[in-house]
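Just so you know, the sequences run in chain order A and B.
Per this note's numbering: the first sequence = residues 2 to 309.
Per this note's numbering: the second sequence = residues 97 to 178.
Incorrect hints may have been included.
As the list claims (entries may be wrong) - Over the 12 angstroms line for every Cβ pair with chain B, so calculated as not near, a few chain A residues:
{"id": "1", "residue": "S193"}
{"id": "2", "residue": "A202"}
{"id": "3", "residue": "L241"}
Said to hold, decoys possible - Listed below are several chain A residues computed to face chain B (Cβ distance under 7 angstroms; list not exhaustive):
{"id": "4", "residue": "L119"}
{"id": "5", "residue": "L123"}
{"id": "6", "residue": "T185"}
{"id": "7", "residue": "R244"}
{"id": "8", "residue": "A246"}
{"id": "9", "residue": "R247"}
Unchecked claim - Covered stretches of chain B (chain A as the covering partner; in silico rule of three or more C-beta atoms under 8 angstroms from a C-beta of chain A):
{"id": "10", "segment": "119–132"}
{"id": "11", "segment": "154–165"}
Because the hints were derived from the structure by calculation, they are not lab data.
Since this is a predicted model, take the numbers as computed values, not measurements.
Every residue gets a Cβ at the ideal spot worked out from N, C-alpha and C, and that includes glycine.
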Amino acid sequence: MASFLSFGRYLPERILGNDELSRTLGCDPEWILQATGIEERRIAGPAETVADLGVQAAQDCLRNQRSPKIGLIIAASGSSERRFPGPAAEIGHKLGLSGVPAIDLPLASAGSLFAISLAAHLAPACGTVLVVAAEKMSGPAAAAPVDRNTAILFGDGAGACLISTESAGLQILDSALHSDGANTAALHLELSGPVQMNGMAVIRHATRRLPEVILEVLERNQVRAADVSAFVMHQANQNLIDRVARTLDAPSGRFYSNIRRYGNTSSASMLIAAAEWREQAQFPAGDTVCFATFGAGFHWGALLARER
Amino acid sequence: MSKQDKIAEIVKRVSKKPAAPDPEESLFDSGYLDSFALTDMVTELEHEFGLKIPDSDLNPRRFESIARIERYLDSKGNLAGA
């Protein structure tokens, strides 16, 4: 069975608070906070690329590891600057890993969890897998014609993790992944223009699919939601996280949240949250942690891990 | 119970407010609904009136007030409680 060996993250320095953003968008900063739970988000510099963000997160992830031999890189991003190539090979090159196979997953929001699930299956054959999720969503979110309901949500950042067959860290027990292309129009980003989102449709499906898939993976492993020590979800909207907690009848304090500080960083958000959460949380052996995401596509999934 | 009364009951239930708003009152400006309560209300409307509301119809303006919701339901054809 594969395990999480380590996590890493990178957030750009520039902070865009609700006061500044609301002046640009002509809206009330309090409205942003109430609708989303977001107070500020990070914005990458104009010269920083998606690959640059990913490299920083990967270096943070690798910092305390004893030179692991990376056998595969998987990079998720929904905001890559190019149609091709995606950032995966460039991230590998900038990390000094030229020659290591690198796969791009162009999945916004759900990309990190899909990449981790793939990595857990591939690690026995490929060796240690470096998973990176990097996003520069603030640009597309604020592109003309601006939709303030979308522009208030997104920030930039990157997360990373190492998946290995070593008997250490958090052991990955199981995952469940789902996709439904019937909902492509509800949330999409074309080659130019802004992120386009039917917020009601996204909320309707996310509030149903996330609890469903979490329960799917929990029930398959005979774990009750009330017994899960921590939930680390895609940080899309605080109200969504709270709703999932209520639906599962699980204590909301067990749902790690940093959306107030970073906004929605799409596929990077779950790994950024995981990296921060892991710095603060070490549970007794046997305790379980549940990861979950939902995003454009729609793609959604959940993954269950256990403390060794 | 009229269709408008049924809609008002659903609005009260999902908003957890003791009284229903006036039929023309904005459900958003008056604090009855936010984006999440709105999707709950849509689910209850589907159950109550036996119809499927597609994602493409999920525009907050359609559900702005009880009167607008009634007009939307009327546009969907023959429904329970009509």
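Consistency of the hints with the structure:
Under the 12 angstroms C-beta cut-off, the non-interface status given to S193 of chain A relative to chain B holds; the minimum distance is some 24 angstroms. Chain B draws A202 of chain A into its interface by the beta-carbon criterion, the shortest separation being 4 angstroms against a cut-off of 12 angstroms. Distance check for L241 of chain A against chain B: the nearest CB is about 8 angstroms away, which does not clear 12 angstroms, and the non-interface claim fails. The closest approach between the C-beta of L119 of chain A and any C-beta of chain B is roughly 29 angstroms, which is over the 7 angstroms cut-off, so the hint fails.
Because the smallest distance between the Cβ of L123 of chain A and any Cβ of chain B comes to about 34 angstroms, over 7 angstroms, the interface hint for this residue is violated. The beta carbon of T185 of chain A comes no nearer than 11 angstroms to any beta carbon in chain B, farther than 7 angstroms, and the hint placing it at the interface is violated. Below 7 angstroms, beta-carbon pairs count as interface contacts, and R244 of chain A has one with chain B at about 6 angstroms; its hint therefore holds. Hint status for A246 of chain A relative to chain B: violated, with the closest Cβ pair at about 13 angstroms, above 7 angstroms.
With its C-beta approaching chain B no nearer than about 10 angstroms, R247 of chain A sits outside the 7 angstroms limit, and its interface hint is violated. Look at the segment 119–132 of chain B against chain A: 3 of its residues bring a Cβ nearer than 8 angstroms to a Cβ of that chain, three or more, so the hint holds. Here the segment 154–165 of chain B counts 3 residues with a CB under 8 angstroms from a CB of chain A, which clears the bar of 3, and the coverage holds.
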